[in-house]
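Student: Spelled out from the first residue to the last, the chains are:
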Amino acid sequence: MLLEARGIVKTFGSFHAVDGADLTLAENELIGLIGPNGAGKSTFFNCLAGEARPTLGKIRFRGADVTALSSAAHAGLGLARTFQVPIVFEGMSVRENVMVGAFLRHPARRRAEEKADEVLEFTGLAAQADMLATALGTAGRKRLGIARALATEPILLLLDEALAGLTSAEMEGAIALVERIHARGITLVVVEHIMEVIHRLTRRVLVFNQGRVIAEGTPAEVTHIPAVIEAYLGRRAQGSPESRAP
Amino acid sequence: MRASLRRVLIAIAILLAIAPVLTQDAFYQRIAALVVLAAISASAWNVIGGYAGQVSFGHSVYFGIGGYAALLAFTKLGLPPIAGAPLGILASFVLSAIVGLPSFRLRGHYFSMATIAIAALAGLLVTNWGYAGGAIGLMGPATPRSPADLLFRSPLPYYAIFLVVLAILLVLTWWMERSRMGFYLRAIGSGERAAASLGVPIRRYKLYALFISGAFTALAGSLYAVMIGFIDPDSGFGILVSVNMVVMAALGGAGTLFGPLVGAIILVPLEETTNALLGGGGTGAAYVAYGVIIMLIARFSPGGLAQFLPRIAARKSPRAA
Amino acid sequence: MILLQLAADGLLLGAVYALFSSGLTLIWGMMNVINFAHGDFVMLAMYVAFFAFTLLKIGPIFFVPLAAMALFGLGVLVYVALVRHVMRGPMLAQILSTFGLALFLRYAALWAFSANFVSLPDNLVGGVYQLGGIRLSASHLLAGGTALVLTLGMHLVLTRTDLGSRMLAVSEDRVAASLVGIRAERMQALAWGLGAAATGVAGGLIVLFFYVSPEVGNAFTLLAFVTVCLGGFGSVPGALIAGLLIGVIESFSAYWLGPATKDVVVFALFVVLLWVRPQGLLGRA
Ligand SMILES: Nc1ncnc2c1ncn2[C@@H]1O[C@H](COP(=O)(O)OP(=O)(O)OP(=O)(O)O)[C@@H](O)[C@H]1O
Ligand SMILES: [Mg+2]
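Protein chains in written order, with this note's numbering: chain A, 1 to 246; chain B, 1 to 321; chain C, 1 to 285.
Pulled out of the complex, with its shape left as it was, chain A reads as follows (with noise of 0.2 Å):
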């Protein structure tokens, strides 16, 4: 098993944000993680990647208990990760946003530079290298994220909502830069909402809803699960005493 994350539990006071999450991740696999709004995702992520500690659970990756490392050693092992909402360093142009992950691997400048070349060029932001990376709008951040977090030389990526709010036209580009990025060898997790680019990209996918999996499957199997269905529909018939039932 590559990674194994057992019983997450997350707290924000007294409101649980993952509730009871488990993953188990083989070597090479790309799953789906789909989910209604404020289901738990993100947090999870954040707990899987380090940067938040998880109030109940362990975390294994490659047989390594890492539950309790911090953000950075996760990447140092060969995880990574993306942010919903992007983060891009300001006053520094896209080549040095993706060299400040190649350094990771590379701490000598012409080496990091050299990676951050090959990983622009992998991911289509070659002829972008020179701009400010605040210039990029949404689409190119998000790859942009995306091309930094490979520059780390993960063995498994996260990613969270690379596709969110990309025109089809962008989509398109970015489907395909996973799955060349799986093509790789790295392992993947892709939170999405559109059902079709989970279809397409994915033949695994949990379902989260309040903070845990409520389902698993193919994604054209959990689609018909009744759960999930509820879990969907409930969220838009919120305040019915169903809805509110755990």
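Simulated from the structure, these hints should not be mistaken for lab results. All residues carry an ideal CB built from backbone N, CA and C; glycine is no exception. Possibly wrong hints are sitting among the right ones.
Said to hold, decoys possible - To give an idea of the chain B side of the interface with chain C (calculated C-beta under 10 Å), a few residues:
hint	residue
1	Phe57
2	His109
3	Tyr110
4	Ser190
5	Val243
6	Phe300
Said to hold, decoys possible - Okay, the calculated beta carbon distance ranges per label pair:
hint	chain 1	residue 1	chain 2	residue 2	range
7	B	Phe93	C	Leu124	45 to 55 Å
8	C	Ala260	B	Leu172	39 to 49 Å
9	A	Ala126	B	Pro147	51 to 61 Å
10	B	Phe93	C	Glu185	20 to 30 Å
11	B	Leu125	A	Thr11	36 to 46 Å
12	B	Ala148	C	Trp275	47 to 57 Å
13	B	Leu125	C	Gly181	38 to 48 Å
14	C	His85	A	Ala126	54 to 64 Å
15	C	Tyr211	B	Ile266	51 to 61 Å
16	C	Val276	A	Asp22	49 to 59 Å
17	B	Trp175	A	Thr218	31 to 41 Å
To be verified - Computed cross-link-like contacts, SDA-like style, restricted to lysine to any residue with a CA-CA straight-line distance of at most 20 Å:
hint	chain 1	residue 1	chain 2	residue 2
18	C	Lys262	B	Asn128
19	C	Lys57	C	Ser119
20	C	Lys262	B	Ala160
21	C	Lys262	C	Ser251
22	C	Lys262	B	Ala289
23	C	Lys262	B	Thr127
Following the hints, put chains B and C with the ligands in place on chain A, whose structure we already have.
Tutor: Just chains B and C with the ligands, lined up with the frame of chain A:
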């Protein structure tokens, strides 16, 4: 945009070349020395406050430690004041480790609030520390006992000494800017979450930056005490000492190699001439102006004057869409 | 008995700290910006009150509201002209903006009013009350009582009125609040106005028994920081409790360590608090 080492050396060479031109008038010589001294402490502040984006309002603590180390070495041990400089630097490392580390958990406004409080605390403690002269402060040697006392009638030797230190600091900063450390510091400054996710050990790099920053600020404090021959809680630990570093770095461009030097070149002569013209009331006037300058920078140009340079450069180079 | 006396003095002064600190916490809660000039606002209010008394010959019943109104105007002005433009900008700009303002106010005051300490006549609000062996001066009682009532009033306005709920909506989600027709800008300007008015009243009250000089603001800024930190950033009731506590701590440390070092305890408390529990002792995790 990135300054080359050659540019650093040229800037230093120009500063050196100015010196003989100024030899006529001691007033200008003194200002020139003070410009370089201010540039040292502002450039030192810039490492943590500019590059790493941790806005410290408490760097006077390091300056004061350096100044007091120099004059304590003289008054208590009978050593030449400059012999206290290494002790001041050593103390700055200890302070960085003890006080800096826990403060690094704090981000943004919280960090700045902590630095103000720490500086106020240090000022109070020194004022009540009888051994170090309390509120009265410490004096340096009145007449030179040996050349090592570095007591010169002309400001020019000080100018030269300060320039050597500034050159060392700028070359170090130049080297840092191009290396992994510079990238990591800038990444920390603009987004800690993202930096950490890319494997940047945030606290370690902040500490490295503070070590460099604190040590050179302490050295600037020692040099100040050597030249002026006097230090008291206000001139060592006062909030205005920190203000000077912040305003000069911010005016020239925080997080740029030459920004603090440019800021010092503009502001120190301004302050010294208003002081000379207005007498005692001058200090107040200069700081009214500093307040306005800081507000204007924050409001219109957070990158300082340097912000206008890349805009021009950008217009020249064609960009891919 | 001396302990009771110290506690009583501390509580009365602490109520005034609570009042101006609740202004700082209100501003922070609304837009996550720290006003580094907060203590200098208090200083300015003290001068307004002082000159209102010496030049216009009006007493506290008039000069306290006058100081409040003047500072309300200043707060709105600072928001509109400065803070509004930097609050979503780089962190450096956010932090520098009010720090520059603090410098400007402090040294403009130094220039205009000189560094001399001035104070109102002792007997302006004269009289001392004995209460079971504790001596309470009328000026402290008036200041503490007014501050307590107004801080509670501010809490009630924020929690019980329509205006308060609109401000709360903006502080929780600016965009969502705009969608339901709340003018976020206006609410934030109002927060700066009210936050500064709190320093206005507090300054008008402190000047009854405390000297003014251009540099008093620095200590007040730090007192407001520690109060807000102890009470939890953004919480008015937290600031009230914390302010009273800080007043008492200060009063005791002044007694045991001497007035020159009393602030050492408070400042050190602040730094340690930030290190161990930046969300505040009384704040939510
Ligand atoms: N730092 C925090 N403090 C308090 N509550 C939080 C915090 N972070 C997240 N939450 C809450 O936890 C819940 C889960 O949030 P999360 O962002 O993980 O959901 P999500 O599944 O990623 O939703 P979305 O699809 O909208 O991105 C939400 O109700 C959110 O308000
Ligand atoms: Mg999310």
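Student: Would you mind marking each hint as holding or not holding in the structure?
Tutor: Outcome of the hint check:
1. Checking phenylalanine 57(B) against chain C by beta carbon gives a least distance of about 7 Å; that is within 10 Å, so the hint holds.
2. For histidine 109(B), the shortest C-beta to C-beta distance to chain C is roughly 4 Å, which falls under 10 Å, so the interface hint holds.
3. Proximity of tyrosine 110(B) to chain C holds as hinted, the smallest CB-CB distance being about 6 Å (cut-off 10 Å).
4. For the restraint placing serine 190(B) at the interface with chain C, the shortest Cβ-Cβ distance is roughly 8 Å, inside the 10 Å limit, so the hint holds.
5. At its closest, the beta carbon of valine 243(B) sits 6 Å from a beta carbon of chain C; the interface hint therefore holds under the 10 Å criterion.
6. The criterion of a C-beta within 10 Å of any C-beta in chain C is met by phenylalanine 300(B), whose closest approach is roughly 8 Å, and the hint holds.
7. Distance hint for phenylalanine 93(B) and leucine 124(C): a CB-CB separation of about 53 Å, consistent with the stated range 45 to 55 Å.
8. Between alanine 260(C) and leucine 172(B) the beta carbon distance is about 40 Å. The supplied range of 39 to 49 Å therefore holds.
9. Against the hinted window of 51 to 61 Å, the Cβ-Cβ separation of alanine 126(A) and proline 147(B) comes to about 60 Å, which satisfies the hint.
10. Remark: the range hint 20 to 30 Å for phenylalanine 93(B) to glutamate 185(C) is contradicted by a beta-carbon distance near 47 Å.
11. Our hint of 36 to 46 Å for leucine 125(B) and threonine 11(A) holds, since their Cβ atoms are close to 41 Å apart.
12. A hinted range of 47 to 57 Å is violated for the C-beta pair alanine 148(B) and tryptophan 275(C), which are about 41 Å apart.
13. The hinted window of 38 to 48 Å between leucine 125(B) and glycine 181(C) is violated, with their beta carbons roughly 53 Å apart.
14. Judged by the Cβ atoms, the range 54 to 64 Å given for histidine 85(C) and alanine 126(A) is violated: they are separated by roughly 36 Å.
15. Range check, tyrosine 211(C) to isoleucine 266(B): Cβ separation about 37 Å, and the 51 to 61 Å hint is violated.
16. Distance hint check for valine 276(C) and aspartate 22(A): the Cβ-Cβ separation is about 34 Å, which falls outside the suggested range of 49 to 59 Å.
17. Distance hint for tryptophan 175(B) and threonine 218(A): a CB-CB separation of about 55 Å, inconsistent with the stated range 31 to 41 Å.
18. Proximity of lysine 262(C) to asparagine 128(B) is assessed by CA-CA distance (about 12 Å); at most 20 Å being required, the pair is judged to hold.
19. With a C-alpha separation of about 14 Å, the suggested pairing of lysine 57(C) with serine 119(C) holds against the 20 Å cut-off.
20. For the hint pairing lysine 262(C) with alanine 160(B), the CA-to-CA distance comes to about 44 Å; that exceeds 20 Å, so the pair is violated.
21. A distance of roughly 8 Å separates the Cα atoms of lysine 262(C) and serine 251(C); the hinted pair therefore holds under the 20 Å criterion.
22. Taken as a hint, the lysine 262(C) and alanine 289(B) pair is broken in the structure, with Cα atoms around 33 Å apart against an allowance of 20 Å.
23. Note on lysine 262(C) and threonine 127(B): the hinted pairing holds, with a Cα-Cα distance of about 13 Å set against a maximum of 20 Å.
The structure does not agree with the numbered hints 10, 12, 13, 14, 15, 16, 17, 20, 22 stated previously, though it agrees with the rest.
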